[in-house]
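Let the sequences and hints guide you as you build the complete structure.
Number of protein chains: 2
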Amino acid sequence: MRCRFCGSKDVEVHLRMYNLRLCRADFVSFVKKRVSYAIEKFRLFREGEEVVVAVSGGKDSLGLLHILHDLGWNVSGYFLDLGIEGASDVAKRVIEGFSKRFAIPVHIESLVDVFGWPIPEVARRLRRPACSLCGTLKRYYMNRFALGKVLATGHTMFDEAGTLLANVLQWKVSYLSRQSPKLSEEEGFARKVKPLVFVTERETAMYCFFQGIDYVESPCPLSKGATSRVFKRHLLALEEDMPGTIIRFLKGFYSARKQITFPEEERQGLSPCRNCGYPTSAGDLCAVCRMKAKLESSPA
Amino acid sequence: MRCRFCGSKDVEVHLRMYNLRLCRADFVSFVKKRVSYAIEKFRLFREGEEVVVAVSGGKDSLGLLHILHDLGWNVSGYFLDLGIEGASDVAKRVIEGFSKRFAIPVHIESLVDVFGWPIPEVARRLRRPACSLCGTLKRYYMNRFALGKVLATGHTMFDEAGTLLANVLQWKVSYLSRQSPKLSEEEGFARKVKPLVFVTERETAMYCFFQGIDYVESPCPLSKGATSRVFKRHLLALEEDMPGTIIRFLKGFYSARKQITFPEEERQGLSPCRNCGYPTSAGDLCAVCRMKAKLESSPA
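Just so you know, the protein sequences line up as chains A and B, in that order. Numbering-wise (the working numbering), the first sequence opens with residue 12 and increments by one. Numbering-wise (the working numbering), the second sequence opens with residue 12 and increments by one.
Misleading hints may appear alongside valid ones.
If chains are identical, the list can't say which one is meant, so a pair holds when it fits in one copy or spans any two.
[Unchecked claim] Computed list of lysine-lysine pairs in DSS-like fashion (alpha-carbon distance at most 25 Å, straight line): (1) Lys262 x Lys52; (2) Lys262 x Lys43; (3) Lys193 x Lys243; (4) Lys262 x Lys243; (5) Lys183 x Lys269; (6) Lys111 x Lys193; (7) Lys305 x Lys149; (8) Lys103 x Lys262; (9) Lys183 x Lys243.
It should be emphasised that the hints constitute simulated quantities derived from the structure, not laboratory data.
Below you can see the structure in the form of structure tokens.
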């Protein structure tokens with residue numbers, strides 16, 4: 012079998028989904044083309060705009076940052092150090108190494124500096140699971156940093172398809188009507204985009220390997236079997252049985268959505284948090300400022 | 012644990028989907044209520060109408076026929092003997108025994124009598140897979156017999172959910188817009204209904220067991236791994252992980268459909284077959300009459 016694009020005998024990758032065998036160089040350019048395709052198809056951003064990739068230290072976000080930089084976009088990284096011992100410190104070192112090696116700027120903020128407490132302590136003192144608190148805090152600080160720019164995340168095809176399957180199995184009509192690789196900017200919110208929507212995790216892993224990008228492989232030690240993972244796992248099993256199911260599902264949705272009319276969504280009114288100005292629907296204080304207030308009044 | 016309904020200690024059934032433990036008598040009446048609920052919710056049929064249940068000899072269709080009869084509906088069975096040796100003959104004996112034992116009339120037609128050839132010979136001579144030919148022929152003769160009455164089939168909740176999942180994963184918008192436990196009657200077509208849409212196969216199996224209904228357990232020897240089974244299998248695996256997923260998916264769809272607008276379907280124009288009058292979109296002869304013509308001119 013030869014590389015489908017250049018005919019070379021050095022085939023290193025077989026993509027079952029496309030029944031495509033490629034040499035290393037053509038695989039790398041194939042992945043980049045998938046990213047460019049998503050950027051154009053959904054008009055994620057355009058020349059002159061500044062893009063911030065939220066990096067965690069994993070293959071998807073670092074791969075994305077590398078790809079966008081290589082494609083010539085005006086891009087930098089943002090890392091929020093959550094203060095999880097044995098994980099955040101490792102990720103930070105990996106990201107600093109990446110930034111130096113590829114000469115791509117990454118802005119690093121520490122949750123302790125900007126918020127006051129590391130995630131494990133927040134979870135312990137508020138007696139709540141770390142994942143939901145972490146999601147709220149990351150969204151908040153990522154958004155704050157990216158305001159006026161474009162915020163890109165490393166969600167891949169299977170992440171998107173897993174979310175879509177969850178929304179379909181539960182017929183969350185309002186989520187379905189909004190699910191998209193692009194959420195436009197609004198007052199107080201940066202535009203959020205997912206340029207890896209047509210790239211799989213296996214592909215980002217191989218991309219990083221071929222480009223010599225080091226990344227953190229272990230999942231967050233605080234995360235456990237979230238429901239979303241269940242859907243994703245079953246979707247992967249289906250993909251194993253019928254390669255191409257996931258991409259057909261996702262692309263089919265984006266095209267069917269043009270024909271399907273979802274009901275007008277009743278969006279909750281948003282008003283600025285009286286403390287920090289972040290748009291909130293939860294009263295006069297946003298979720299993060301409320302969290303802070305609780306922590307300040309809770310015993311250590 | 013006691014029976015949720017009567018408090019008896021003789022719990023024989025645990026329905027994980029509803030987290031419901033029931034004694035035998037209450038389980039039997041629970042299944043009947045699920046059927047009555049579907050009949051009312053979707054207005055499948057009403058008093059005075061004559062219902063024909065297409066029976067195969069399996070638990071679902073025989074269970075359904077028994078339930079509808081027990082609920083007092085004006086119901087009878089219809090069995091098409093497909094002429095598959097070692098299967099159709101067994102099914103026929105089982106159905107005749109059922110009919111006699113419960114005094115429920117079942118009309119039996121033989122494909123050889125009405126069409127001229129048994130299924131295995133049709134498949135062999137036309138060199139086509141038996142399943143698709145069988146589907147076409149069954150739909151045709153069932154419909155012909157049920158014309159002017161209501162045709163009920165034994166499709167269960169997981170059959171419907173499996174079809175729905177397949178239609179969603181492939182975003183077959185026109186199928187989605189029509190998927191329903193009731194297809195209304197049209198010129199040349201009987202109304203088709205699925206009263207077991209809220210009943211599972213495990214439940215029909217237990218219902219048959221408790222009522223002493225014998226049924227054929229082995230699947231058709233000519234059928235192989237159809238794609239639809241793949242979707243159903245994965246859906247069952249998801250249900251195992253998260254009991255209730257399937258019923259939420261299906262009921263969620265029926266209710267979301269009221270809010271979602273699918274595009275107007277362009278239906279192909281139907282005209283009566285010039286030979287038998289059956290509505291067809293495939294030209295002047297319907298699929299069954301074309302099949303017959305081919306067989307008559309093909310070598311034995």
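Hints, one by one, checked against the model:
no. : hint            : in the structure
1   : Lys262 x Lys52  : within (11 Å within a copy, 34 Å between copies)
2   : Lys262 x Lys43  : within (18 Å within a copy, 41 Å between copies)
3   : Lys193 x Lys243 : within (21 Å within a copy, 32 Å between copies)
4   : Lys262 x Lys243 : both (17 Å within a copy, 22 Å between copies)
5   : Lys183 x Lys269 : both (18 Å within a copy, 13 Å between copies)
6   : Lys111 x Lys193 : neither (30 Å within a copy, 64 Å between copies)
7   : Lys305 x Lys149 : within (18 Å within a copy, 67 Å between copies)
8   : Lys103 x Lys262 : neither (35 Å within a copy, 46 Å between copies)
9   : Lys183 x Lys243 : both (17 Å within a copy, 21 Å between copies)
Going down the numbered hints, you'll see the structure goes against 6 and 8, while the others check out.
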